[in-house]
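Protein chains in written order, with the numbering used here: chain A, 1 to 205; chain B, 1 to 76.
Calculated from the structure, these hints are not laboratory results. Among the hints, a few may not be true.
Example chain B residues on the side facing chain A (calculated, C-beta under 7 angstroms, incomplete) [unchecked claim]: (1) TRP20; (2) THR34; (3) LEU36; (4) GLY38.
In this text, all values refer to a predicted model and were calculated from it rather than measured experimentally. Even for Gly, the Cβ is constructed at its ideal location relative to N, Cα and C.
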Amino acid sequence: MRTRWIAFLVWPALVLPALAAPETFDFKDPKNGNKIEFKLDAPAEKIAGTANDISGTVTFDPQNPGATRGKIAVATASLTVPNAMQTTIMRGSLWLDAAKYPQITFEAKELKNVKTSGTNTTADVTGTFTLHGVSKELTIPVEMRYLKDKLGERLGGNQQGDLLVITSTNFSIQRADFKIMPGQNLDKVADTIRLTLGVAGASPK
Amino acid sequence: MLVLLAALAFWAAAGAHRGWTVNNIRRETTDPVTGLSGATYETGFIPGWDFLAAAALAAGLMAGASFLFRSKKAGN
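All chains should be built: construct the whole structure from the sequences, respecting the hints.
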């Protein structure tokens with residue numbers, strides 16, 4: 001009889017995680033810690049900068065990371081390089097045209113080569129990357145870390161919830177593919193733009 | 001010459017940065033919970049080669065102007 005009672009009390013703990021619904025993570029970070037870094041290595045000049053105004057949502061199921069879907073957006077006007085004049089020119093109408101194209105987005109549509117170890121998942125995410133008004137399909141290698149019940153620790157408040165950390169350190173695009181001054185100023189502004197992504201999303205409870 | 005030397009001294013004292021003048025100073029940060037490392041930018045000023053070029057140009061213009069407005073020696 002006692003064994004039955006224990007089984008009755010314990011089964012939800014065993015079964016419910018398997019039935020857990022996917023969580024939606026918001027990537028508008030209140031601590032403004034989300035970053036995308038970009039690097040351009042031209043023969044005459046190396047340019048490195050960051051973008052930190054990031055938003056978007058990702059739906060992630062810890063039991064099925066391969067079903068992850070979502071969209072991340074970067075405000076074009078948040079792209080910054082160390083020199084103020086270069087920053088202004090980069091955001092201007094000749095280059096990124098932040099006024100006309102205020103967002104750079106990536107919408108995940110499919111995950112391949114999904115490998116999960118504990119709370120870490122690596123995968124190749126295929127989706128639509130939109131920059132300067134041009135959309136192209138792109139595959140990005142990512143690592144996702146699911147940090148259960150870590151939201152409160154990060155925010156230092158009473159808000160409880162989970163975190164999803166997404167990083168990608170090895171992907172690049174060609175600016176000519178996105179009609180950003182194609183073939184122009186290649187000695188100073190490289191065609192290849194190397195990107196590094198490091199973002200954390202929150203799923204409050 | 002004094003302007004050029006002062007500019008060189010300022011550039012050297014500010015770290016002798018070989019590149020464009022930096023107006024947004026990069027600060028590395030690491031989030032202790034997520035482990036994410038990244039950079040933030042703070043407004044500042046680190047003079048670069050364009051600062052030296054501007055100083056050299058200003059020094060050259062001042063040197064040239066000094067020849068135009070030289071006071072004539074008495075008796076000449």
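Now the hints, each set against the structure:
1. Given the 7 angstroms rule on beta carbons, the hint for TRP20 (chain B) holds: about 4 angstroms separates it from the nearest Cβ of chain A.
2. At about 4 angstroms, the closest approach between the beta carbon of THR34 (chain B) and any beta carbon in chain A falls short of 7 angstroms, and the interface hint on this residue holds.
3. The closest approach between the C-beta of LEU36 (chain B) and any C-beta of chain A is roughly 4 angstroms, which is under the 7 angstroms cut-off, so the hint is satisfied.
4. With a least beta-carbon distance of about 4 angstroms to chain A, the hint placing GLY38 (chain B) at the interface is held under the 7 angstroms criterion.
In summary, this structure violates none of the numbered hints.
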